[in-house]
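Let the sequences and hints guide you as you build the complete structure.
Each chain, letter by letter, is given below.
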Amino acid sequence: MIKKKSLGKIKGFSIQFLPYSELSGMDSTQRIKKILNIVLGNVILIIQGKIESHEESRLIEDTMAMIGHVKGFKGIELAVISGDNDEGFFVRIRRGLINAMGGGNLGALTIIGPATIVKEIKKNPKKIELLLDK
Amino acid sequence: MVAKALKSFFRRVFSRMFGQKKELKMGFYGPPNAGKTSLANRICKDFTGEEIGSVSKVPHETRSVQFKEKVEISYKGKKMMFKIIDTPGIATKIDYEDFLKFKIKKKDAKNRAKEATQGVVESIKWLDDVDVVVIVLDATENPYNQVNITIIGNLVARKIPVLIVANKVDLRKANIKKIESAFPEYDVVGISARYGKNLEEFYESIFRLAKKV
Chain A
0 MIKKKSLGKI KGFSIQFLPY SELSGMDSTQ RIKKILNIVL GNVILIIQGK IESHEESRLI
60 EDTMAMIGHV KGFKGIELAV ISGDNDEGFF VRIRRGLINA MGGGNLGALT IIGPATIVKE
120 IKKNPKKIEL LLDK
Chain B
0 MVAKALKSFF RRVFSRMFGQ KKELKMGFYG PPNAGKTSLA NRICKDFTGE EIGSVSKVPH
60 ETRSVQFKEK VEISYKGKKM MFKIIDTPGI ATKIDYEDFL KFKIKKKDAK NRAKEATQGV
120 VESIKWLDDV DVVVIVLDAT ENPYNQVNIT IIGNLVARKI PVLIVANKVD LRKANIKKIE
180 SAFPEYDVVG ISARYGKNLE EFYESIFRLA KKV
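Chains as they are written, first to last, in numbering that gives the first Met the number 0: chain A, 0 to 133; chain B, 0 to 212.
Because the hints were derived from the structure by calculation, they are not lab data.
Just so you know, these numbers come straight off a predicted model, no measurement behind them.
Any given hint might turn out to be false.
[As the list claims (entries may be wrong)] Just a sample of chain B residues kept apart from chain A, beta carbon distances all over 10 Å, derived:
#, residue
1, K106
2, Y185
3, N197
[As the list claims (entries may be wrong)] Heads up, simulated DSSO-like pairs for lysine-lysine below, C-alpha to C-alpha not over 30 Å straight-line:
#, chain 1, residue 1, chain 2, residue 2
4, B, K78, B, K67
5, B, K56, B, K172
6, B, K124, B, K211
7, B, K78, A, K118
8, A, K118, B, K56
9, A, K49, B, K177
10, B, K124, A, K32
11, B, K124, A, K118
12, B, K56, B, K44
13, A, K70, B, K75
14, B, K78, B, K172
15, B, K104, A, K70
16, B, K100, A, K121
Note that beta-carbon positions come from the ideal geometry of N, C-alpha and C, so glycine has one too.
And the structure:
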């Protein structure tokens, strides 16, 4: 029997797509500032590619600094989907070249949403689920 | 970061040249409520007779970095000195309302949330000052959490050796295989910090990890 799922009372939300080209010319501080500015506008952000791991930790630090200082802000939900885990050698080389030319890991997608809207991002190697707060 | 890496390199070289008995700084990292303090307590109790901090079912019980210096771990005739660094759980969101479910007063919950956010920042800052890291994960939870991946990514960038501990294997829902398949490049040791299960394998792995420094 298929379980019926209710969407509850979601009033609506916005999703913004950010091509990597909009971040590639920026330094880490500018990137994080841009990302947080979008997310603070209660928007779920989908970034082409992924930011560096030190930028991710910086993003977490800045997020923590904002909790309690920005009204209603509880933090973020963050997930990176990268499709390059099961690829063969030549595919990885080709992807590496494309990434080097593009200036970032373009085979990935980063999803960042405010915790007030995105309750949880459930991720496993095959799928990703965004659970929204009602 | 480059200066710190150089400093760490020269410290290691001089330490080896002059045979100085060094104390390795072993950080315990992971998401909240994974059992970092339980494991750190278990080690400290076994080798110093004292615990490092309090544990609780309420998330973010550890809200500032805790240390225990000169912890000499001895196992099967091998001995090594460690400084144990127990860090607050790293999270991307903290909502004081989550603490209210544990019958904590609103004012205390808000205070706990504030301290927890500061703790996360402190944990991240300490990534620059550890020699080896034990990532403690709750084996009953989904390991594909971005916080875990972010911590590991930062450690890889800093060339810090990592051991992954799948804690709470005493629970029926525990799934070590899932953690192993999420992080195939790393050693994963399944333990129960609460009941002291499989700590022999953990200590064995710690000595292997220390050799990588």
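Hint by hint, here is what the structure shows:
Against chain A, the non-interface label of K106/B holds: every CB pair exceeds 10 Å, the least being about 13 Å. Here Y185/B stays apart from chain A, with its beta-carbon at least about 15 Å from theirs, past the 10 Å limit. The beta carbon of N197/B is kept farther than 10 Å from every beta carbon of chain A, the shortest such distance being approximately 26 Å. Between the alpha carbons of K78/B and K67/B the distance comes to roughly 17 Å, so the proposed pair stays at or under 30 Å and holds.
This hinted pair checks out: K56/B and K172/B have alpha carbons roughly 17 Å apart, not beyond 30 Å. For the hint linking K124/B to K211/B, the alpha-carbon distance of about 22 Å falls within 30 Å, and the restraint holds. Only pairs whose Cα atoms come within 30 Å are accepted, and K78/B paired with K118/A is rejected, the gap being roughly 46 Å. A hinted pair counts as satisfied when its Cα atoms are at most 30 Å apart, and K118/A with K56/B qualifies at roughly 21 Å.
As the CA atoms of K49/A and K177/B are separated by approximately 24 Å, the hinted pair is consistent with the 30 Å bound. As the CA atoms of K124/B and K32/A are separated by approximately 19 Å, the hinted pair is consistent with the 30 Å bound. At roughly 27 Å between alpha-carbon atoms, K124/B and K118/A fall within 30 Å of each other, so this suggested pair holds. For a cut-off of 30 Å, the pair hint linking K56/B to K44/B stands: about 20 Å separates their Cα positions.
A C-alpha spacing of about 55 Å is found between K70/A and K75/B, which places the hinted pair above 30 Å, so the restraint is violated. With a CA separation close to 35 Å, the supplied pair K78/B and K172/B exceeds the 30 Å bound. The straight-line distance between the Cα atoms of K104/B and K70/A is roughly 20 Å, inside the 30 Å bound, and the hint therefore holds. Of the supplied pair hints, the one linking K100/B and K121/A holds, its CA atoms being roughly 23 Å apart against a limit of 30 Å.
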